[in-house]
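Trainee: If you want the building blocks of each chain, they are given just below.
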Amino acid sequence: MNRSVRLLLIGCICALAAGTVLAADVTLKDPTGDDFGPGGYSYPTDAVYKRGSFDLTSLQVKSNDKKVDFMASVNSNLEDPWSMGNGFAVQMIFIYIDTTPDAGFDKGLPGQNVMFAADSAWDKVVILSPQQPGRVKQEVESKAAAMKDACLIPNKTRGSGRTISGSVDLAALGAKSADDIKGWGYQVVMQSNEGFPTEGDLLTRKVNEYEGQHRFGGGNDGECDPHVIDVFAGAAKGDKSEIDEQKKMLAFECNDDGTSKSMATLTMVKAN
Amino acid sequence: MKRTIIIAIAFLLCAGTLLAQGEQKFGMSGVTYTKWLWGNQRFDGSLYNFTTVPGEGYGDNGQGTEIELLFFGKPNKYIEVKGRIHSRFSQNEWTNFGGFGVNEGCGNGSTGGDCGESDPRSNQYVKLRGVTVNVTPGYRFLDNAQFGSTDLGMFDAFTIGKIRYIDRDNAGAILFQGRLTDSLKYDVIRISTPRLWAGPNYSTGEYTAQDSVYGLQMKWSGNEFVDGSLIYERARDIEVDKNDSLPDDGTDVDGRFSNDVWGFRVGVHPMPMLDIRGAYYTSEAESDSNYDAPGGFGINGYSPVIAGKPEGDSYTLDVDLTDIMSSGLTANFQFFNIDEQYTSIMAARRESDVLITEGFDATFAFPGPSNASYGVFGGNETRIGYGGWQGTYQQVATLNVDNEFTDFDEPAAETAIGWKGFTVTPKWTHGALEVAGEYTTIDYNQNWQIWGDDSNQMNGGVLYPATELDAGIGHNFRSAFAPFMDRSTDILVLKGRYTFEVGKGLEVYGKLKWIDETDKRMNNAKYLPFKAGDCPGGGVACTNDKNFYSGNNSTGDYYGNPPVITVNGITGYQWKPFDNLADDDRDLSETMIQLGAGYQFTDILYASLTYENYDIDLKDGNTAFQAYNLHEMVSGQHNKDRYIVLVKFPIGGVEAGLNYEYVTGDFTPEFGDGFVVQYADAGTATSAGVKEGSRGFKNRYGGWNSLETRDFEQSRLKAFFKVRF
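Going down the list, the protein sequences come from chains A and B.
Going letter by letter, the first sequence gives residues 30 to 301 in the numbering used here.
Going letter by letter, the second sequence gives residues 6 to 730 in the numbering used here.
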């Protein structure tokens, strides 16, 4: 027993020590009550999808000279009904980062059905998933091979309270110093962890016209709708006016056969 | 029912008229699951570690593969069809050589494939496991009509809970879902009652085809600050009316079992830091013994519902404080009160966790130190091994707990019927450090004497199914009742986790847990079995002058006096006479320590090593009590060490893993005095699995309780890989 207590104390000291060398941080906020994608999306009907589970409220990015910590928060206490072992289960968060102007991908990862505006192309994406890192990496390699070098999966992703967090190496993000994170553009795609994704989806849950037990509703049965429940918009200060900005950004048009006429196009947000 | 069918057909016809000429979509996918079990208990009755179902096998050895094929069709935008066919491990071990095995004689108790090709459990049969048709007609008030298989996950664990019985969608139902307004949604369901377990005596009687459970759920999303829902469950088990002897006008039906449950849930969200949720349920049920529903039980009856007309109210109140003052500190408070008579026949049996407490440790499954049900009697071997299940139990609000066909690494559930108390679970996160704790105090609604009414007998006509009763190291997972209870439990947990920035991140974790439980059980001298001085000692036989607590009722009918015996020249009582209220007292002090580390060795290879120690000082009655004459006595010192190696290796479309456990420990009995020690003869040694000549005593029913220190050492392994295709 004494050994365990000592171990915990050592851990506390190490963590506090780590806290003292934090060099930079970025905070972005999102209003509550906008977890409806472009405006009419609804949650799946199974009881595990609790109110607010996909309602993004903030992203904190902190860096030191080695690591960058990402902490995304939602408007609901995290639960682990599927025994994933990380403190959360239903959420799946993609943090797109624009580290280099005029470069990067303009298409989102498979299954999200989103584009990025020309001035918001992303260079890196950090994936916070309750799945094992190995499973996520395998999915990336098989479904997004061209983007695999841009996909960063933390070795450990954890959920606690209302916050899901994970860390990646500063160097892996192409940063030269910890302060670089302040100048980057960010966008977060809030999705749901799907352990049995369809062929084209990267561990994401589908959005259909009508919600099902494990499918979001309010979209389209085809692939023309953004499979995105919440994103940052506007100035990312958490102001209610950003809800309309989100609706505009995620607006989409479909052809009768479910193909896309006009795709939702995301823009990056920056901390001011 | 006729109406339901008409509505269902109408919807199908309507949907049929809406058929679009679009391209039909059809798809198929599948999963194979290969499992390798190894263990030194050397059981090979089935490819699952645990079951109590009569006639089913269990084991810790064998290799097998199952396959699941999932079909998906969408003929048009309004209709979706899903189907699933699946083989099951059961007794389909590779050694059966493709399902042939050896026919060594079939019977209900065939295990390990010894019925060969004649038994579907060992001939590799593939079965239709689920078919669902979804109709989304596009009506304003109806989003979805679903016909067929469902896991009932859209309802509520206290009423109609997510159900699993090997498969996850066994239940057949008709479900309508939609919205009356933008903020008011509904779910209406008619479930065909599972005849396998959803009624008194785990049965729905003889006439089963029209037994049903109806459910209504109204969910109000309210506004940002408040939401709520209402649930109603109505279960009816009907039988052909015994008194209707004139079939010319059809045959009437009569009720065997009915169950009505109302539930209300409300959530208040005043600020991001504060979340409040309350749930209240009220239930009533009625069993009719004229139709083979039990009117009462013996001291250890088995049934998922209380006999007679139970009525009970239950509630939970959760207050969550998140990231208090931006400190990283979160605290969850839960007040709970689950009535001892609360009854919902369709409540979640294992798939949910209705309380936030860790509860008891799942390493203790049955009353004895070896996890052997009724292990005091010969031939009753352990079913889940000395290690039990890994982790802690999930709590469910039913007696109908289902841990059947599980392996040692899977979640297990325990009943929380009768629990009332309070839990607080603080958690502090700072960078890579996470520290969490729990304090829970549990009182019990069934703290009573002689089943709550002096007119009761101890063993017979009991309304409460007590299953394995409450003797044992842990809380036997489906035992809620005992004839005498005066029990309270305190649970304290402190745990931490830290990830060191070494290589890919070395994660270390640890836990300290204490469980303190007392149960005075019989606490009034008027219930003592015999009158004071009935057994004078000194080799003098007891006079058997019973003590009657009411009418002709005496606990002396169950706690009989000992005979006088002479062993190696020592004369005295075979067991201590039950003449003191302390003879059945329980006092549990458990300390659990867990330490472990995990590391991501490569992009895909993760491994962890965990050590656990359970140190238990337990007084659980003496030789007068004898664990209700039925189970291994456990009073004494228990020490259990467990080492767990976990490996996860997902590669390509394969999810591979391994869980190896080495568990060792000992039990030193302390059964008190007042009896003559006996020595095992050859027959006892063989039937009880002890050394000939070892010390012990025989209980009232002839079961042998060893007085020797017992050493345990068991290993087991589960390796698996799943391929999705």
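If you are wondering where the hints come from, they were derived from the structure by calculation, not from laboratory data.
Be careful, since some hints might not be right.
[What the hints assert, rightly or not] Straight-line alpha carbon distances no greater than 25 Å define the calculated BS3-like cross-link-like pairs of lysine-lysine that follow: (1) K79(A) x K190(B); (2) K58(A) x K177(A); (3) K205(A) x K509(B); (4) K166(A) x K509(B); (5) K166(A) x K58(A); (6) K185(A) x K432(B); (7) K290(A) x K82(B); (8) K290(A) x K190(B); (9) K172(A) x K727(B); (10) K79(A) x K30(B); (11) K177(A) x K509(B); (12) K185(A) x K82(B); (13) K172(A) x K79(B); (14) K95(A) x K30(B); (15) K95(A) x K172(A); (16) K177(A) x K727(B); (17) K509(B) x K58(A); (18) K290(A) x K516(B); (19) K185(A) x K172(A); (20) K172(A) x K30(B); (21) K185(A) x K727(B); (22) K509(B) x K185(A); (23) K727(B) x K166(A); (24) K30(B) x K185(A); (25) K727(B) x K276(A); (26) K276(A) x K136(A).
Trainee: With reference to the structure, classify each hint as holding or not holding.
Mentor: Right, here's what the structure says about each hint:
Of the supplied pair hints, the one linking K79(A) and K190(B) holds, its CA atoms being roughly 15 Å apart against a limit of 25 Å. Of the supplied pair hints, the one linking K58(A) and K177(A) is violated, its CA atoms being roughly 28 Å apart against a limit of 25 Å. Simply put, K205(A) and K509(B) have alpha-carbon atoms about 21 Å apart, close enough for the 25 Å limit, and the pair holds. For the hint linking K166(A) to K509(B), the alpha-carbon distance of about 15 Å falls within 25 Å, and the restraint holds.
Between K166(A) and K58(A) the alpha-carbon distance is near 28 Å, which puts this suggested pair outside the 25 Å criterion. A C-alpha spacing of about 18 Å is found between K185(A) and K432(B), which places the hinted pair at or below 25 Å, so the restraint holds. Restraint check for K290(A) and K82(B): the C-alpha separation of about 19 Å stays at or below 25 Å, so the hint holds. With a CA separation close to 32 Å, the supplied pair K290(A) and K190(B) exceeds the 25 Å bound.
Restraint check for K172(A) and K727(B): the C-alpha separation of about 19 Å stays at or below 25 Å, so the hint holds. This hinted pair does not check out: K79(A) and K30(B) have alpha carbons roughly 31 Å apart, beyond 25 Å. Between K177(A) and K509(B) the CA atoms are separated by roughly 19 Å; this keeps the pair inside 25 Å, and the hint holds. The suggested pairing of K185(A) with K82(B) is violated, with an alpha-carbon distance near 40 Å, which exceeds 25 Å.
Between K172(A) and K79(B) the CA atoms are separated by roughly 24 Å; this keeps the pair inside 25 Å, and the hint holds. Note on K95(A) and K30(B): the hinted pairing is violated, with a Cα-Cα distance of about 49 Å set against a maximum of 25 Å. Simply put, K95(A) and K172(A) have alpha-carbon atoms about 30 Å apart, too far for the 25 Å limit, and the pair is violated. A C-alpha spacing of about 24 Å is found between K177(A) and K727(B), which places the hinted pair at or below 25 Å, so the restraint holds.
Taking the CA atoms of K509(B) and K58(A), the gap is about 30 Å. The hint is violated against a cut of 25 Å. Using a Cα cut-off of 25 Å, the hinted pair K290(A) and K516(B) is violated, with the two alpha carbons roughly 55 Å apart. For the given pair, K185(A) sits about 22 Å from K172(A) by alpha-carbon distance, which is consistent with the 25 Å threshold. Distance check on the hinted pair: K172(A) and K30(B) sit about 21 Å apart at the alpha-carbon level, within 25 Å; holds.
For the given pair, K185(A) sits about 23 Å from K727(B) by alpha-carbon distance, which is consistent with the 25 Å threshold. Between K509(B) and K185(A), the direct Cα distance comes to roughly 9 Å. Compliance with the 25 Å bound is thereby established for this hinted pair. Of the pairs offered as hints, the one joining K727(B) and K166(A) holds, with about 17 Å between alpha carbons and a cut-off of 25 Å not exceeded. Restraint check: the Cα-Cα separation between K30(B) and K185(A) comes to about 38 Å, which exceeds 25 Å; the hinted pair is violated.
For the given pair, K727(B) sits about 40 Å from K276(A) by alpha-carbon distance, which is inconsistent with the 25 Å threshold. In summary, the hint linking K276(A) to K136(A) is supported, as the alpha carbons are separated by about 19 Å, within the 25 Å threshold.
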